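Chains as they are written, first to last, in the numbering used here: chain R, 8 to 439; chain Y, 8 to 439.
For the record, the hints were derived by calculation from the structure and aren't laboratory data.
A hint or two may mislead.
Pulled a few chain Y residues facing chain R out of the computed Cβ check, cut under 8 Å [stated by the list, open to error]:
| hint | residue |
| --- | --- |
| 1 | L69 |
| 2 | L71 |
| 3 | N76 |
| 4 | P79 |
| 5 | E83 |
| 6 | M86 |
| 7 | V310 |
| 8 | G418 |
| 9 | G420 |
Keep in mind that this is a model prediction, so the values were computed, not measured.
Even for Gly, the Cβ is constructed at its ideal location relative to N, Cα and C.
Number of protein chains: 2
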Amino acid sequence: MGLVASNRPSNSSVLVQKYGGTSVGSTDRLRAVATRCLAAQRAGKQVVVVVSAMAGETNRLLGLAHQLNEGPCQRELDMISATGEQVSAGLLALAIEAQGGQAVSLLGHQVRILTDSAFARARIKSVDVDAVLARLALGKVVVVAGFQGVDADGNITTLGRGGSDTTAVAIAAALNADACEIYTDVEGVFTADPNVVPNARKLGRISYECMLELSSLGAKVLQLRSVEFGMKYEVPIHVRSSFSDAEGTWVVKEEFAMEDVVVAAVTATDNEAKITIGRLPEDASVQSRILRPLANAGIVVDVIVQALSPDGRATLSFTLPASEVKRARHALVESCPDLFSTDRTHTVGDLSKVSVVGVGMRSHAGVALRMFEILAKENIRVHLVSTSEIKISCVIDCRYKELAVRALHEGFGLGRGQRDQRESGPPTQSLI
Amino acid sequence: MGLVASNRPSNSSVLVQKYGGTSVGSTDRLRAVATRCLAAQRAGKQVVVVVSAMAGETNRLLGLAHQLNEGPCQRELDMISATGEQVSAGLLALAIEAQGGQAVSLLGHQVRILTDSAFARARIKSVDVDAVLARLALGKVVVVAGFQGVDADGNITTLGRGGSDTTAVAIAAALNADACEIYTDVEGVFTADPNVVPNARKLGRISYECMLELSSLGAKVLQLRSVEFGMKYEVPIHVRSSFSDAEGTWVVKEEFAMEDVVVAAVTATDNEAKITIGRLPEDASVQSRILRPLANAGIVVDVIVQALSPDGRATLSFTLPASEVKRARHALVESCPDLFSTDRTHTVGDLSKVSVVGVGMRSHAGVALRMFEILAKENIRVHLVSTSEIKISCVIDCRYKELAVRALHEGFGLGRGQRDQRESGPPTQSLI
């Protein structure tokens, strides 16, 4: 992936800010955002602002589209939904000018943010920030429509839900910006969802690696891809609230002290299902015969576990989004009816995946054991387990999700008053 | 103005259709439009469809903008308002595909419709239809977002209210299309506004020249600039209703038979004002000293009349939009206080300009006389008169507008039952 950035000199005077849908959700909120942008400019920064669509707008547009076509072409959906950010960008530029500033809005194809042609989930291939730099040099606040790009054929593409985060971090990377501020409706990244765990604590800092895990495990605060960009180009990401001036959470390179924290946060996903296929023949191609038709159908399989019986026959279990079960069963019946027979398959819905994440796990043993103990104490049955270097996930019945999250948060000592605030504050120079 | 069209071979199989805001104002209406596009395709045409924003959408967007900024930058307004057509275009493409067709939407910059940089009233400089032709060749209905273009710097521009008409005719010209159908919420071009004159008659045909006059004299059915394009590139324009299958009005090259019709239609504008400056010194530069500051302020002066007294002193009167009177007086006080003194200036508001139009005037004498007689019979005082080869306009008090239109319509014999239907029907081959 060739961000034009790599050859640019470091530009410590550039700040990239991104505002989400609720932060630009009304004319009053847009005025508040304009004030914040101009304050940053007065503080000596060249300011680039990336905006999402006004809250509710994308859903309104897609709702119209689905009224007209139940299986709509993704290219046209991107054409339609990209307008939400275009309107926000223009409106914010006007709001900034109404407060005496100078501003100009730019679209994805004007910046130019080149993506592949995977409509609705396009990936950024390169960012050419010349147009941005030219406007910054004139003293303007540059307002960039988030979420959108353009493919090599000139089609409008979008980056998927949360894609404005990725726009912002990619532009920050391309500009070698000091930092990328992600303004949202929460105060930062928490040790757990504060709606579930009242004494959840805002993290002062978190490593890119942990944030990646959290983003892929259900935390909605940052799009996964934006964290990948941040990590790759070492852009410090500051997740904070547009409704206050409080420091949020810095997502930064791993620091030595982070290793002391075995578990940084607990997170959980919803709406998972599990398909189990038993008594599979002893045959090395069995797994691929089952998983290939699912991949061909574009169904993302998550946790995969296989157990062998003493007789050599295997049982394969995997999780997938509950909404995909019907399609998955259909694909399997079509492609391998011999393996996927009614008598040996079993589907369970209403599952959650509860995970603990922390870079300290690399150097601490027994975290999985502790997790099982905590869940067992609450009589929560674990369907499947999946581990990585820095996370452990347990698939459980959905009805125990909140209980499990609270128990793990308490059991790993993550709450306010349970741990000191060692990891708070912005990154020091040496980190970057 | 270099339309790329000029070197293309004639393409009699291409039809351009344009649908206005009410014609695409709901999902139901979009479905009806899709049906009509596909019917044209089934009838053997390659179909290009130009769409306006859904009715009310442009006003909603500009309303948001004006809430944020009372003197908004036009560039940003164009950025914002252009999204209305983008949404319509994507939605119509989806509606066509839902009915089994193939469609693709294209924006102004994708087509590419190059304009100057006069935001909010940009003029088309060239149209490059390669992108359109490539998609037509694949059997797709090409849906083009109307009203918008792109300037040489890549900024989004808009063509002013009614600009989608101009988009459609310009594309029809560039494609050497058979015809450009303008679908609207009225059945065609009438001899007068049917809301004012109940027995107004739909015209079967009208010449470009007359339509130009009508468009500049208050008829809202076609943007002036679209008629200019049609005339220059001889694109037959068919103005018709999207709510019926009835033939509408063909705007075509002047035909011999049209000369028989002295007056084709009566039209009227509202909200005009008149400024009169008396006792002007005998000085050849006086007129330009008065008119230049107005031009500099971007104020469009319409009818200008000057009368000389026997003593050599002049009285200058001109009309302008009532909304511009304040700015005009300010500009004049600033730049020529000696000429524009309170004691010799006089402003009248609440004026209308009532006009009769017809190519037959060229060869018929006495039309002005007849017009004055008709107005005099109703005791309507004429403030100013302005004539061209094919129209006569009288500025009158606004409160007599409807009365004047009805009297002129009757007096020139334009109503149903007053004249045969000689000029109806589509253009014959020889006309084109």
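Hint-by-hint comparison with the structure:
A cut of 8 Å between beta carbons decides the hint on Y:L69: the least distance to chain R is about 11 Å, and the hint is violated. A cut of 8 Å between beta carbons decides the hint on Y:L71: the least distance to chain R is about 6 Å, and the hint holds. A distance limit of 8 Å between C-beta atoms decides the matter here; for Y:N76 the minimum to chain R is near 4 Å, and the interface restraint holds. At its closest, the beta carbon of Y:P79 sits 5 Å from a beta carbon of chain R; the interface hint therefore holds under the 8 Å criterion.
Hint status for Y:E83: holds, given a least beta-carbon distance of 5 Å to chain R, under 8 Å. The interface hint given for Y:M86 is met, as the beta carbon of that residue sits about 4 Å from the closest beta carbon of chain R, less than 8 Å. Annotation: interface hint on Y:V310 violated; nearest CB of chain R at approximately 36 Å, more than 8 Å. Hint status for Y:G418 relative to chain R: violated, with the closest Cβ pair at about 49 Å, above 8 Å.
Residue-level restraint check for Y:G420 is violated (minimum Cβ-Cβ distance to chain R is 48 Å; threshold 8 Å).
In this structure, the earlier hints numbered 1, 7, 8 and 9 are contradicted, and the remaining ones agree with it.
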